[in-house]
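Model the placement of chain Y on the given structure of chain S, informed by the hints.
So you can see what is in the structure, the chains are spelled out below.
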Amino acid sequence: MALVLTDEQSMLRDTARSFLARNASISHLRQLRDHRDPDGFSRELWKEFAEQGWAGILVPESHRGLGVGYVEAGIVMEELGHTLTPSPFFSTSVVAVSAIAHAGNNTQKSAWLPKIASADLIATLAVDEAPKHRPEKIALSATRSGNAFSLKGSKCFVVDGHVADLLIVAARTSGAPGETGGITLFALDSKCKGLRVERTITVDSHNAARVVFDNVPASTENVLGQIDDGWSILDRTLDAGRVALASELLGAGDEAFARTLAYLKERKQFGKLIGEFQALQHRAANLYCDLEVTRSTLLQALQTLDESFDAAAQIVSIAKARAAQSATLAVQEGIQMHGGIGMTDEFDIGFFIKRVRVCQELFGDTNFHADRVARLNHY
Amino acid sequence: MADLESVRKETRAWLEENCPPEMCTPLRGEEDVCWGGRKWKFSSDAQRVWLERMAARGWTVPEWPREYGGGGLSREEAKVLREEMRKLGCRSPLDSFGIWMLGPALLRYGNADQKGEHLPKIARGEIRWCQGYSEPGSGSDLASLQTRAEDKGDHFLVNGSKIWTSYANKADWIFCLVRTDPKVPKHQGISFLLFDMESPGVSTAPITLISGSSPFCQTFFEDVLVPKANLVGEMNKGWEVAKLLLAHERDTIGGTGLSTGETRPLRQIAAEAIGLENGVLADTNLRLQIALFEIDAKAFRLTNDRVSDLMKQGKANPAVSSLLKYYGTELNKRRQELIMSAGGLDALEWEGESSHEGRAARAWLRSKGNSIEGGTSEVQLNVIAKRLLNLPVE
Chain S
1 MALVLTDEQS MLRDTARSFL ARNASISHLR QLRDHRDPDG FSRELWKEFA EQGWAGILVP
61 ESHRGLGVGY VEAGIVMEEL GHTLTPSPFF STSVVAVSAI AHAGNNTQKS AWLPKIASAD
121 LIATLAVDEA PKHRPEKIAL SATRSGNAFS LKGSKCFVVD GHVADLLIVA ARTSGAPGET
181 GGITLFALDS KCKGLRVERT ITVDSHNAAR VVFDNVPAST ENVLGQIDDG WSILDRTLDA
241 GRVALASELL GAGDEAFART LAYLKERKQF GKLIGEFQAL QHRAANLYCD LEVTRSTLLQ
301 ALQTLDESFD AAAQIVSIAK ARAAQSATLA VQEGIQMHGG IGMTDEFDIG FFIKRVRVCQ
361 ELFGDTNFHA DRVARLNHY
Chain Y
1 MADLESVRKE TRAWLEENCP PEMCTPLRGE EDVCWGGRKW KFSSDAQRVW LERMAARGWT
61 VPEWPREYGG GGLSREEAKV LREEMRKLGC RSPLDSFGIW MLGPALLRYG NADQKGEHLP
121 KIARGEIRWC QGYSEPGSGS DLASLQTRAE DKGDHFLVNG SKIWTSYANK ADWIFCLVRT
181 DPKVPKHQGI SFLLFDMESP GVSTAPITLI SGSSPFCQTF FEDVLVPKAN LVGEMNKGWE
241 VAKLLLAHER DTIGGTGLST GETRPLRQIA AEAIGLENGV LADTNLRLQI ALFEIDAKAF
301 RLTNDRVSDL MKQGKANPAV SSLLKYYGTE LNKRRQELIM SAGGLDALEW EGESSHEGRA
361 ARAWLRSKGN SIEGGTSEVQ LNVIAKRLLN LPVE
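Protein chains in written order, with the numbering used here: chain S, 1 to 379; chain Y, 1 to 394.
Rather than coming from a laboratory, the hints here were simulated on the basis of the structure. Just so you know, even glycine gets a beta-carbon here, dropped at the ideal spot from N, CA and C. Any given hint could be a false lead.
Stated by the list, open to error - List time: in silico SDA-like cross-link candidates among lysine to any residue, alpha-carbon distance up to 20 angstroms:
#, chain 1, residue 1, chain 2, residue 2
1, S, 152, S, 217
2, Y, 312, S, 9
3, S, 272, Y, 382
4, Y, 121, Y, 199
5, Y, 183, Y, 148
6, Y, 312, S, 5
7, Y, 333, Y, 285
8, Y, 121, Y, 56
9, Y, 386, S, 280
10, Y, 315, S, 8
11, S, 47, S, 25
12, Y, 237, Y, 188
13, Y, 79, S, 2
14, Y, 298, S, 2
15, S, 191, S, 111
16, Y, 298, S, 376
17, S, 132, Y, 288
18, Y, 333, S, 282
19, Y, 183, Y, 240
What the hints assert, rightly or not - Simulated restraints, written as ranges between beta carbons of each label pair:
#, chain 1, residue 1, chain 2, residue 2, range
20, S, 262, Y, 144, 32 to 40 angstroms
21, Y, 272, S, 346, 21 to 29 angstroms
22, S, 27, Y, 316, 34 to 42 angstroms
23, S, 110, Y, 272, 50 to 58 angstroms
What the hints assert, rightly or not - Among chain S residues calculated to face chain Y with C-beta under 7 angstroms, some are:
#, residue
24, 4
25, 273
26, 284
27, 296
In isolation and in its complexed conformation, chain Y is listed as follows:
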């Protein structure tokens, strides 16, 4: 492993040399995240420089092949890069659904033209993508989706509506599940299409959540023309692509526990809000609940480690991502409840500087969606019951 050590040294030296100092400070909020895209306005020169330098090296997508703008790193080398970035406190140069979701799907199912056209633009942050999956009538039962793409010979004609499309109003392109055959069983008539959000007939409307404004939109398609070349994978085989993406989504949500708002340990938040008496938290009931939470949180972190160790040895059942998604999101909801409890009356503020515009209350309300989005907890439990426990299907 001497090789990895030299990779580590070089990586560190390059990062130290190239990461602008402003990009080595913690994110202050959503406004510091770089999403890229045609309409993107960099919040600072440093943000632009950091993206350009990382993209030039292929390190916005370190494990993608070089020919598509990636870094061509092995899994271990990419891990070294992540570790070194964490040590130096480097911000992510680019976040995007293109990187997390579409990219892996295109690498697996896209043809050479599609990969050559779309992947480098994702890697350089030139095109920002959104995901068209859920519909007003198709939530947990995603495969019942009704947005239609009619085959018109040289193109498709798309009509329908998507909901919960994150950042649809800011995205340049959409990857979208559409029904191409309404006569066959629901899973067998779905295709996976890519199209430009500036196409005539596409419109979006933002959605306000119980936590306030949100990235979510409803998206409408009225006689949208989509070239045939934008079909990914085979016609009517889109569900296969969708499943791969859903697994990535579950991992993203479950793995992070979706830590919105406060990042400090719960015990610290509580100690600052309530104070200590004789070395213990002044509210002894809350103290016990916090300790029980921190025990479960540590157990969950260790479980993530163990699952990745098992994966490396090829001993993990892929359905284990449902366990992580279920447990991680329920855990985050509990954490947010405890933060509210620790904050007491102060946590009830909705506006105002002292509460960072109601940060605690908004994060608490937002967390209620964690166990709904990306497959509800109930759907995850169904998956666990069937795939991991082999319980009989009704």
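One chain only, chain S, in its complex shape:
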């Protein structure tokens, strides 16, 4: 398939771009932050996402979704990276839908997917337990007796955890931390007994939570996919999330670069536009190359997820590793080239370095993905 967006995909990008610029620019995020909004995102805006079809972008049409693919979801994520709009799109519409659509039974799909598409259900994946992303080290235990389970342990940085209605929890039903066997996914109501959710205020003013499981009861009906055999769907679900984060990273990196480039063309020092200085021209040109090379991996990763969801691990890791690096370079150069004004909270460029820091860490940083690429190639 050509590594170019189709006309329909380009149209989606234009629509998303103008919608977000109109309704959810950086000032929207600033307002949520400054007013200490209890949700950390706008529920009205999320309803409009549903009206545009985006909340259910990956939900099959049979479950009242838009039923398009990861390329389209990635386009929306990339545009969200330009405006840094907090929304449940990542946690719910990409990550949770990927798990439910690929591993859920018919009852589960019918119960949750249409509600996600209409923005009536927020769902999220609870996976990480430690500062660094190591999904095979899951220790949160789900002890079985008959058809019942009891979950004990804790999760950190559960995206949108404080507003989620449904938690998809990766738990250990057998084996030891470090083993990929013995992991099971449970879909739990966030109101259920023994569950304690504490919102985490994060550097990027987006939304996450710590969740403590104090003997939370569950049954086989809560199991998503197969007992003990959840690794494969967990890893695939994470891959969907990783490529979505890579898209957001590229969007944020592009936006930081565009703002920096515009600044180079308007800021004068020593009687010249600073963009005339070769020292800055070369850094800008190098950054441009880096972002463009990353863009190629991202399109390939998104297309691969659409074509063969199970065979995308390597290209997803490549895209996530590259996007994290390129976006990090873009925001760091952005702050430096803006000079003093870039350090002020009043100026928007700081929001980008904060958000990029989060996205590059979430679901595995560059080193994690480089290690994964090496492993997949047997070295």
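Just chain Y now, with coordinates in the frame of chain S:
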């Protein structure tokens, strides 16, 4: 596209029938490359037969018009030919600067006589060309070149010197940038000349690089007579022709990443040199660096694909070739550093059979030139800043 499928079948059948078995084996080194020319000595009968058969079919230059010795293939058909040759492992029947650089320039700027005279000989590998561009005093600032061609009525008189002329000592003819008007701004006084390297007054001296012997020469011109008919394009408009050729050169260097020496994947080279422990490379720091390199290398390959997809749709800015040249050459330098690192003490050998006469070390040193030749990385970044980012000119 059923048509292309039948082209594919016919192409494959012809190749299977006509490519000598020795020509379907991987190149062992530079000595297996066929450059052609008046002085060419074929390394084997198979090499000669392969060139003759391919040239007779026009497939040494598949996309050139038939009247000039080409195959008259469309871009898609030529792609099929390349793909089928790759599948069968067929060697290139003929490599030459005539094919890669002069040919496209002549097709665009040459007159009928020039095309009729030179293109078929390039296609058949009868004349080997070299390129006279850089001068000792004109590297990145190529347009400042000083080699002069004085108008003497019925001929030009050429005096000066060129440097980095690849294979000048083996070439039959040179395509050369010369100054025909020293009084006008530098870009406007340059012309594009062709002449025979056997002309009286032409001499060459090979250049030894930090990596050892090289194809590069310095070339000297002392009162060389060049017929007026050998001027390509208009007088003093040679820079236009030069720019077209430079773009071809950038693509050749950037696109291939100039993979000299080792062709095996880095991970394989490292695994053989260092070994695995518990399934991972025994040197964990190097392992991470290799993985990061392989990620970037894959990203670069995909970028080449994407750029060609964009070109097909007419959506690529021509200056994107500077991006590919810059990124590809910097990447190859990194690769060579990692090969040296993986080889450790073994990679330090300069002579001897076990190291293939210092292959790793020589390729590593040679790669340092990749980001200099064909326009330095800094020049590419200038182009990107101005043409792609529209940053203000100082």
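Now for the hints, and whether the structure bears them out:
Pair hint residue 152 of chain S plus residue 217 of chain S holds up; C-alpha atoms about 9 angstroms apart against a cutoff of 20 angstroms. For the proposed pair residue 312 of chain Y and residue 9 of chain S, the alpha carbon gap of about 18 angstroms is at most 20 angstroms, so the pair holds. Distance check on the hinted pair: residue 272 of chain S and residue 382 of chain Y sit about 18 angstroms apart at the alpha-carbon level, within 20 angstroms; holds. For the hint pairing residue 121 of chain Y with residue 199 of chain Y, the CA-to-CA distance comes to about 19 angstroms; that is within 20 angstroms, so the pair holds.
Between residue 183 of chain Y and residue 148 of chain Y the CA atoms are separated by roughly 12 angstroms; this keeps the pair inside 20 angstroms, and the hint holds. Proximity of residue 312 of chain Y to residue 5 of chain S is assessed by CA-CA distance (about 13 angstroms); at most 20 angstroms being required, the pair is judged to hold. This hinted pair checks out: residue 333 of chain Y and residue 285 of chain Y have alpha carbons roughly 19 angstroms apart, not beyond 20 angstroms. The hinted pair formed by residue 121 of chain Y and residue 56 of chain Y meets the criterion: a straight-line CA distance of about 12 angstroms does not exceed 20 angstroms.
A C-alpha spacing of about 12 angstroms is found between residue 386 of chain Y and residue 280 of chain S, which places the hinted pair at or below 20 angstroms, so the restraint holds. Between residue 315 of chain Y and residue 8 of chain S, the direct Cα distance comes to roughly 17 angstroms. Compliance with the 20 angstroms bound is thereby established for this hinted pair. Proposed proximity of residue 47 of chain S and residue 25 of chain S is supported: the alpha carbons are some 17 angstroms apart, at most 20 angstroms. In summary, the hint linking residue 237 of chain Y to residue 188 of chain Y is supported, as the alpha carbons are separated by about 7 angstroms, within the 20 angstroms threshold.
Taking the CA atoms of residue 79 of chain Y and residue 2 of chain S, the gap is near 16 angstroms; set against the 20 angstroms cutoff, the hint holds. Annotation: proposed proximity of residue 298 of chain Y to residue 2 of chain S holds, straight-line Cα distance about 16 angstroms (limit 20 angstroms). For a cut-off of 20 angstroms, the pair hint linking residue 191 of chain S to residue 111 of chain S stands: about 17 angstroms separates their Cα positions. Between the alpha carbons of residue 298 of chain Y and residue 376 of chain S the distance comes to roughly 14 angstroms, so the proposed pair stays at or under 20 angstroms and holds.
A distance of roughly 17 angstroms separates the Cα atoms of residue 132 of chain S and residue 288 of chain Y; the hinted pair therefore holds under the 20 angstroms criterion. Proximity of residue 333 of chain Y to residue 282 of chain S is assessed by CA-CA distance (about 19 angstroms); at most 20 angstroms being required, the pair is judged to hold. The straight-line distance between the Cα atoms of residue 183 of chain Y and residue 240 of chain Y is roughly 19 angstroms, inside the 20 angstroms bound, and the hint therefore holds. Hint check: residue 262 of chain S to residue 144 of chain Y, Cβ distance near 34 angstroms, so the stated range 32 to 40 angstroms holds.
For the hinted restraint 21 to 29 angstroms between residue 272 of chain Y and residue 346 of chain S, the CB-CB distance of approximately 57 angstroms leaves it violated. Take residue 27 of chain S and residue 316 of chain Y: their Cβ atoms lie about 36 angstroms apart, and the range 34 to 42 angstroms holds. Separation of residue 110 of chain S from residue 272 of chain Y is about 55 angstroms and conforms to the stated range, judged on CB atoms against 50 to 58 angstroms. Satisfaction of the interface hint for residue 4 of chain S is found here, the shortest Cβ-Cβ separation to chain Y being roughly 5 angstroms, below the 7 angstroms cut-off.
A distance limit of 7 angstroms between C-beta atoms decides the matter here; for residue 273 of chain S the minimum to chain Y is near 5 angstroms, and the interface restraint holds. Because the beta carbon of residue 284 of chain S sits about 6 angstroms from the nearest beta carbon in chain Y, less than 7 angstroms, this interface hint is met. The interface hint given for residue 296 of chain S holds, since its Cβ lies 4 angstroms from the closest Cβ of chain Y, which is under the 7 angstroms cut-off.
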